[in-house]
Structures are given as structure tokens and as C-alpha cells.
Amino acid sequence: MPTALLQLSALVYAIGTLAVVLHILRPSDSGAKRVMMLVVTSVIFHALAVGGRMVELSAFPLADAHDALSVFGFLLLSISLVVAFRGGVPQVAWLAMPLVSLMVLISSNLKSVAEAPESLKSIWLSAHIGMALLGDSAFVVAGITASVYLLQERRIRKRKRKKSKGKPGTRRTGDGWGSNTGMTQLPALEALDRVNVWLFKFGFPLMTLGIISGMVYGKVTSGDLWSWDTRNVVSAAVWVTYAAMLYARLIIGWRGRKAAWLTICCVIAILMTFIGLGVTGTTVHGQEVV
Amino acid sequence: MVRFFITGLSHHTAPLEVRESLAKVVTPVKLALRRFSELESLEQIIIISTCNRVELYVCCSDLAQDCVKRIWGQVSKETGLAEEDLAPHLYTHYGPDAFSHLFRVSSSLDSMVVGEPQILGQVKEAYQLARNTGTVGPKLNKIFEKAFYVAKRVRTETGIAENAVSMSFAAVELGKEIFDSLAGKKVLVIGAGKMSVLAAKHLRNSGIQEIRVANRSLARAQELAAQVDGNAHPLSDIAEQLVDCDIVISSTASPEYIVDKRMMSGVVRRRRYRPILFVDIAVPRDIDPALDELENVFVYDVDDLQDVIRDNRASRAKEALAAEQLIAAELEEFVKWNRAQLVVPTVKALRQRTFKLAQEELRRGGVLSGSKLDATANAVTNKLLHPVLKQLRSAGEQGDPGPFVDFTQKLFDLSVDSSDSEESIDVEQEPAATVVPINKKSESGT
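As given, the protein sequences belong to chains A and B, one line each in that order.
Note that my numbering numbers the first sequence so that position 249 is 249, with each residue one more than the last.
Note that my numbering numbers the second sequence so that position 108 is 108, with each residue one more than the last.
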């Protein structure tokens, strides 16, 4: 049943992604609303699938790669939605759609285990994986926001403006990427930067707690607080970079293009640790897949 | 018969100095309204005085040309300007042209920056002031109410108000791409010339919270600052101001850069890299273009802005055309309605006379009395007059009902009091004024 629900979600996601692409090619106010409704519908279906899996496993649904991809995708789109509605940047949710669609599509085609492994019953492991995933999701959304920032900054620097649309005598219905800011097609740089800081403030403590709970779990199970596997090293490097960036942003006031590029680099590192090392891993993380 | 006309001058026809001297005559407007309304045959008056125009909207009971002559004679006496000097800058519109002009002014089609939102507010203020002073009667009332209605339609049904046209509007549009909201943002205007004044005024209407003016001459800066409710600063203080401000508009005549990269590098750090937008409308430029290389510093010069304006101008031309069509349709309807009003006193008199005769004859016959008698008299009046009234009304709607009205009055020996027609105005074109030359500009807008 949960697998069927996930497959249904994959279908809704595919429709949503198609709507996003069509909206970017032919923007309109009604298109923006349609896309947003599809995003919300996708999240609802996905939530049902994740809930069903939780009931099936009687544990936090992170038993295998199938679960990990699904939950990661779900968290990612949920955070994007919050950013879209609260931060006034719907474009972030739209751009997250193709990525999450792909994740759900892969997830629904992966074999899933029927029972949760014993290790998942540990509160420390569940906390470790849950918080790390939530933190990582926030950073991936920050990466998308940073990409939109760079796109908008480049457009402004190149003095490119979309030509205004609408027939004479009719009131213009928003153009470009959406109607969130009327004449402006992409969100204002300041709004994107502000959302980025929110995501950092939200993601960084979660990432930190994720690492700490992982260390505690390691100590409990193997007696080692820290193991030098590749994933741990990359995660530590990303954590240090994020810590430095948060300091630079909040204390020095660093922002703009360089901050956006660094955010994107860190997100790529996170995705690599997740996909490259997590799935095919031969390390301590390999056994738990994530 | 009441005649409506408009006479005055605007940025299309008169340089700033002439506009200023006329603006002085009509300031304070309240006293000017009282003074003008004492002129012979002038019945109602509204004065619109803005930085771009001084216009008098008048209803008079005499020939409009004579009234125009009396008005400018009075102005000439008050300003000391010779009528011949004033004449080339003036225009006068009568009848439907006058309605059309008012509709276009209120809809911001006649403005320097077409589509700018302030003018409707200024027209409304002028109307309110004249009402409070007691120089507005039902006729001007009707015309202005119609103008507000038309302006509202233009604003909501065409995209004219949404287009950025002037440099400062373009600056605001660019600002919206960089800043989340312009509310609470601080603007620094460098230079206190004509462009700066315009820019600062437009910015004030865009939700900008604080305006600072920096100029080489502090006195001039203070003058502009007072106009836009801002603060004045000397030019030497500029680096300090750049730390605080978010949008900078510069239009000085300086041959050197006022802000160079070296100065700005230090400022950027002190600003904690907050974004800053420079709009350089000066030629030669005031802002070093190399500033654009700095993090979160965006510099737009006149050429860059042209692109923004060009895009909008093409769209604005279409919207202006749509607005003109809308105004033409409203004008036709208004003129038709107004003509129809001209037959009202005759219709009223004819009905009264016929009703009275029917009543008397029925009473003499002694068959009916009381309310039955009145009802029958009324029915006879309606049936008898139906074809005549129908013809009269349709003559009123279709064209000039004058000859038909005169003929009806003579035929039935009616004495008509024209004051019965509270709202009708003689809309027929008067010939071009002979005393005050009409410098009728092309109404194509800025």
C-alpha cells in the first residue's frame, strides 16, 4: 500500500514538474496558481506514502535507500513550500519539484525491505538520521535559493529585463517567473538573501545535532566517538565551512554572489556524500545506507 | 446659456519661468478663486495649479471668448506681464474639446510622465478646494465627477499606470528587483537640479521613507530637501551618507566622478555589504562605472536606463492609445447626455402648459373632480405630447437640439427659464478666441 501511494505520488510529481516547465516557458498568473496547487497536492500524497511506510515498519521510515530518498525528497519539498509561502519566493518550490520528482521516481523503483533493521530502533540513530536529513534538506533548498539569486543577479548586471506583456486596454497579468512581485519576474535579491539566512539558521543547528547524535550512537554501539570514514570527513568539512559561512554572514555581514557560490558548493558536497558515499558506501555509513 | 471652457498653460506650452510667474498669481488658490469669480459673467471656477500646469476651468454665462479675455486681462494686471508675452504660452479649449482636455489631464495622459499617479489627486484637491470656497455649481460638479470616473476607468482598465517612464520611475523599478521592499529604504539624491527634484518627488511616492539631498551648495540642497520633506547635507559629507543609503540618484553637472571606486570600496565594508543601487542620470557621469565590479553594488547610467525605459515606452504607447480610445468613448457619451439635458426645460414647460390646459377644460366640463381629474389630465398630456417629446429627446441626443427647441417654444408659445436645466452646458464649439491667441498643442502626450 505505501509503495502504491509512493507510485501515485511519483505520478503527481511528474505532472507537477511538467506544469513547472510549461509555466517557465509560458508564464501566467493562473499558471503560477496551478503549479502551486500541484506542489501542495504532491506533498500531501507524499506525506500519506511516508506515513503509510511508517505504520508498515512501526519505526521512523529510514530502513533502506528507498526510504531515505523518499523522506529526503519529502522534507526538501516541505521546506521549499514553507520558504515559498513565508519568504515570498515561490520559484524555490517550483525548482525543487523536478529534483524531488527524480528522487521519488528512483525511490519508487527501488526494492524496499519489509521490516526495519534492529539498529533503527535506537533513538540515537533515528535522531541522527532524521536531523541530518532535515538539515541537509534545508541546505539543498538554500542551494536552490542561491541559484535563483545568481540568476537574478546576473540578469540585473547584464541589464536584461523581460519585455512587459499584455495587450493594450487589458490589465497586465504578472509575467516572467510569477506574479509574486508584480513587474519583477524573479524575486528581489534582498528577499533571496534573507531566505538563505533563514535556511542557514535552521539547517546549521540540525546538522550539528545530527553529527552529535551520530557520535553518541557510534559511542554506544562501537565504543568509538568518531570514525575516520570518508563520509564523516566530508560532513565535518562541510560543517566547518557552514560554521565559517554563518559567522561571516551574521557577524561580518558577508552576503551576495560569493556567499551564493559557496552555498552551492557545499550543497553539491552534501549531495555527493548522500548519493555517492551513502548509497554505494563501504564505510560505517554503508551498513545503514544513509 | 452656460458655457464651459478651460484656459491655461502647461509644460507643453510654457517654460518653467512662465509657469512659476502664473503659479504665483493663483497662490493661494482660495483667494484667486474668489478674485476670479468676481469677474463679469464668470459663474463657476476651479483652478488646477501644479508644477507642470496652471489651468482655469470655468463656466460663464456670456460668450466664452469675452470671459477668457477678462481673465487674462486680470492676470496681466496682477503679474505685470504684457498680454502679448503671455499669449504664445496659453491655450483655451471650448465645449467637447474642453471636456476631453479635462479627462486627459485627470487620466494622466497629458502629464510630463504619462501614467504618473499624482495628477488625479491634484485635480481632486483643486476641485475640493473650489467646492469649499463656493465657486463650484452643479455644472462644474457634473463635469469633474465624470472626469474622476473616466480617470478611474483609465487607471483600472488600461496598464498605463504600471509603466515606468521617467528615469526615476525606472530607478524605482530596478530598485524593486534588488530590494525586497522600498518601504523603509533611504535615498540619497546628489545634485539639486531639475532632474533631481523630479526624481525625488517620484521616489517619495514610491514608499521611500527617507530622502537625503547632497549638493555642493548647501542652501540649494536645503531648498530641495524642504520640497520633498528630506534632509540636506553638504557634498563633502557624501561618504558618510553612502554608508546609510540604499538608492543613490545622481545628476550633478560635475565633470569629475563624485563617487569613485576607492571611496566606495571602504564604504561597502562599512555597509556590511548591503546592496546599494546607483542611478546616474548625469552627463558626464557622476558615478565611476567601475563601482559595478564591487560586491552588491549596482550602477546604472543613462544608457543602461534607456533599455528599461524603451521597453516601457513601447508598451506605454499601446496603453496610452487604449486610454485615448476609452476617453473618446466616454466623451461621446457625456456630450450626448449633456445635449439631451438641453431640451429638459422645454419639455418641462410644454408638459406643464398642456397639463394645466387639460385640467382647466376638464374642470369646466364638471364631469370629473379631485384626483380623477388630475389623472385624466395627466393621461391626456402624455398621449397628446408623446410624439412631440419623443422628437425633442431624440433631437437632443443626436445633435444640436437648438433649432428644434426654439421652434417648439414658438409653436406652443412657451416661456422657458433656462436655469431649469441645472446640469446642461452649451457644448458647441466656439470659434478660436480672437483676443487671446490659442496655442493649441498637439494632444499626443509627452
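FYI, nobody ran anything at the bench for these hints, they're computed from the structure.
Heads up, a few of these hints could be off.
[To be verified] Simulated crosslink set (DSS-like; lysine-lysine; CA at most 30 Å straight-line):
#: 1; chain 1: B; residue 1: K176; chain 2: A; residue 2: K158
#: 2; chain 1: B; residue 1: K336; chain 2: A; residue 2: K33
#: 3; chain 1: B; residue 1: K336; chain 2: B; residue 2: K318
Status of each hint after checking the structure:
1. Distance hint between K176(B) and K158(A) is fulfilled; the C-alpha atoms sit about 16 Å from each other, no more than 30 Å.
2. For the hint pairing K336(B) with K33(A), the CA-to-CA distance comes to about 44 Å; that exceeds 30 Å, so the pair is violated.
3. With a CA separation close to 27 Å, the supplied pair K336(B) and K318(B) stays within the 30 Å bound.
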